[in-house]
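Could you build all of it, start to finish, from the sequences and the hints given here?
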Amino acid sequence: MKPRWWQYVREHQGVEPPAPRGEEFCDAAIKTHINDTPAYYYSYAIATVLKFQLHDHIARKILKQPPQACNYADNKEVGAFLKKIMEKGATEDWRKVLKDATGEELSTRAMMEYFKPLMAWVEKENAGRQIGWE
1 MKPRWWQYVR EHQGVEPPAP RGEEFCDAAI KTHINDTPAY YYSYAIATVL
51 KFQLHDHIAR KILKQPPQAC NYADNKEVGA FLKKIMEKGA TEDWRKVLKD
101 ATGEELSTRA MMEYFKPLMA WVEKENAGRQ IGWE
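Position one of the sequence shown corresponds to residue 1 (our numbering), numbered consecutively onward.
Do not take every clue at face value.
Only pairs whose alpha carbons sit at most 16 angstroms apart, straight line, appear in this in silico EDC-like list of lysine to aspartate or glutamate [as the list claims (entries may be wrong)]:
1. K88 x D74
2. K61 x E104
3. K64 x E77
4. K61 x E77
5. K61 x D27
6. K84 x D100
7. K51 x E105
8. K51 x E104
9. K83 x D100
10. K51 x E113
Don't read these hints as lab results, they were simulated from the structure.
Put into structure tokens, the structure is as follows:
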């Protein structure tokens, strides 16, 4: 496991091990989410996608504002929308609740659109540069 762990860390984070690592070290275990409750990583990922999806729906459909520049504090319509979703609790499958509320299945579309202006800026700034760890 160790060689693969450091391969992924090197590829995705650009970090080298601090010193030669023998098999007696279990470096992956320092990530407490992995050794204590690995399913939580999935929960974090899904929650992030859901947050962007709900925010996008609220901004565009309820407030008629761009998601990057809206404020729904103290908005009763937004509160009612969120209450309607949350009050179902575990009585319905969350995928059905999401589809009924937003008209969409779980999707990264909203997150990708939210960051589209930033991505365009980053691509412009990095044009012609060698990107990568090597």
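Taking the hints in turn, this is what the structure says about them:
| no. | hint | in the structure |
| --- | --- | --- |
| 1 | K88 x D74 | violated (22 angstroms) |
| 2 | K61 x E104 | holds (13 angstroms) |
| 3 | K64 x E77 | holds (12 angstroms) |
| 4 | K61 x E77 | holds (11 angstroms) |
| 5 | K61 x D27 | violated (46 angstroms) |
| 6 | K84 x D100 | holds (11 angstroms) |
| 7 | K51 x E105 | holds (13 angstroms) |
| 8 | K51 x E104 | holds (13 angstroms) |
| 9 | K83 x D100 | holds (14 angstroms) |
| 10 | K51 x E113 | holds (13 angstroms) |
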